[in-house]
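The lines below spell out each chain.
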Amino acid sequence: MIEVSHLVKWYGPTLAVGDISFAISRGQIIGFLGPNGAGKSTTLKIITGYLPPTSGQASIDGQNVLTAPEAARARIGYLPEGNPLYPEMRVTEYLDFRGRLFEMPRAQRRQRIEYVVERCGLSAVRQRLVGQLSRGNKQRVGLAQALLHDPPVIILDEPTVGLDPNQVVQFRKLIEELKGQHTVLLSTHILPEVERAADQVIIIAGGRIVAQGTPAELRRQVGGNARLRLEVRAPAPNVERALKQLPGVAAVETSVAEGWCRAEITPRDGDDLREAVGQVAVAGGWPIREISSGGAGLEQFFVQITAAQSQARAVAG
Amino acid sequence: MKQTLAIAKREITALFYSPIAYVVLGLFSLGTSLIFLGFFRPGDAATLRDTYFWVIWLMIFLVPAISMRLISDEFRNGTIELLMTAPVHDGQVVLGKWLGALGFFAVLLLPLVVFAGVLTATSRPDFGPILSGLIGLILTGGFFLAIGALASASTQNQIISFLLAVGIVSLFTFVTFFLPKTTYVPDDVRQVLNYCNVNAEFDNFNKGVIDWPNLVFYLSGIAFFLFVATQVLQSRRWR
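Residue numbers (the numbering used here), protein chains in the order written: chain H, 1 to 317; chain D, 1001 to 1239.
None of these hints come from the bench; they were simulated from the model.
Be aware that a few hints might be false.
What the hints assert, rightly or not - In silico contact screen, one side only, chain H against chain D (beta carbon under 10 Å); selected entries: (1) Y78; (2) L85; (3) P192.
Note that the structure is a prediction, hence the values are computed from the model and not measured.
Just so you know, even glycine gets a beta-carbon here, dropped at the ideal spot from N, CA and C.
Whenever a hint applies, use it, and build me the whole structure from the sequences.
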């Protein structure tokens, strides 16, 4: 549905996107993940036909964005970064304008406006001026506009920036509902945003794809980093010795605070060691305060990439 | 075409929502009224010729105020991204916006219709020149607005857009009006300057004559500046 091959974009002497290729099949939700300045928005702007690439190709549903720009654009619903809107227009008036730009016949336009207003929860504010809406509602207008012409591809650039946690949850739910009917390309710099909903995650940093796959695949790929934490009341050397004897443990770090020993355990190859570690604690007769998996390995991986990129930039700068 | 009209319609609505539009509307009404009253004396010929002549000078400053936000505002708001990722050609964007501004400008001319009414009430004016003059004013407005569209496609800054438009419009008015009147300009240069002078082009309309050369001047000028504006808008994709 979306095909991108060897995309390169230079802004003057600055390389924003360096040779990005990927293909997305119909009906998938794709998380496009990367730290700020990684080239996410630039890639999306090229796919939507707003910016021409320095080299490379992008096509939507077989329509090349450079050689058949209007046909390609007609197949995309786009919510740009920052959700630009005309503040002086009313919600339905704005949607009607967008419908006209996409050459929707009058009857279809009316019907689709009703549908997206309902779907995006805008019924209560449909006659209000866009400029007077809350940020959450503005975001809904942005999404409604992207859905309006029922495009096969929907591209959302950082759609939840600036929303409060409650609005983020609601908005994420809206996006998850699109699965199956539309191909959704969702860019974000917040990992949990895509980890649950996305069929595929593409992580980019420094204008290049650094990892790609389903969330589960990626987790497995970086699984070696998923650490385990154990906090028990016991002498640290004893804890360390006992844990190191477990098969599948690569390294153990211990520290002591307020009489509690905290051990950070790195498993060898993504094994789930929680049960074994629990048994060690029980066998030692140590009171347990905490045993937890060090969260998403993906998260750590992502943090590493981000850190590496900003370091590289600091060196370069 | 429908898309172009949709853009034009949105533009008129947006203009009526902007405070600048009302300032321009107020100043234009005030200006034209003063000009009209200044020439409205008992016993004088019942025409709007002198009024029209001076309205052109007023338009040099007021028309760029209408067009200054035309495209620059879209860049400032970021809405240009949605406009340029819709299945619309860049030329349609420029044309639609220009049409919308022209529609607003036509509303500005309403006081002149009122003055024509005043003349009819007080004597028996010749409607030919009044009507052809109005057509000339709309063409002149369209010409200035096309220049304004180019200026506003070139910058995000409305003030720079305004000044740039006034600058270019001045070439076709002040510069080409006064320079040929000086003695040290060679004759052939003088002819070129005269041809490029909007005031001179308008003069025929004001006399009640609608002639091809004048129409060609206005229409080709409008087409030229809208074309360049489209090129500038397109080139901004590449930056």
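A quick look at each hint next to the structure:
Annotation: interface hint on H/Y78 holds; nearest CB of chain D at approximately 5 Å, less than 10 Å. Here the hint on H/L85 is kept, as its CB sits about 7 Å from the closest CB of chain D, short of 10 Å. The interface hint given for H/P192 is broken, as the beta carbon of that residue sits about 27 Å from the closest beta carbon of chain D, more than 10 Å.
Of the numbered hints listed earlier, the single one contradicted by the structure is hint 3.
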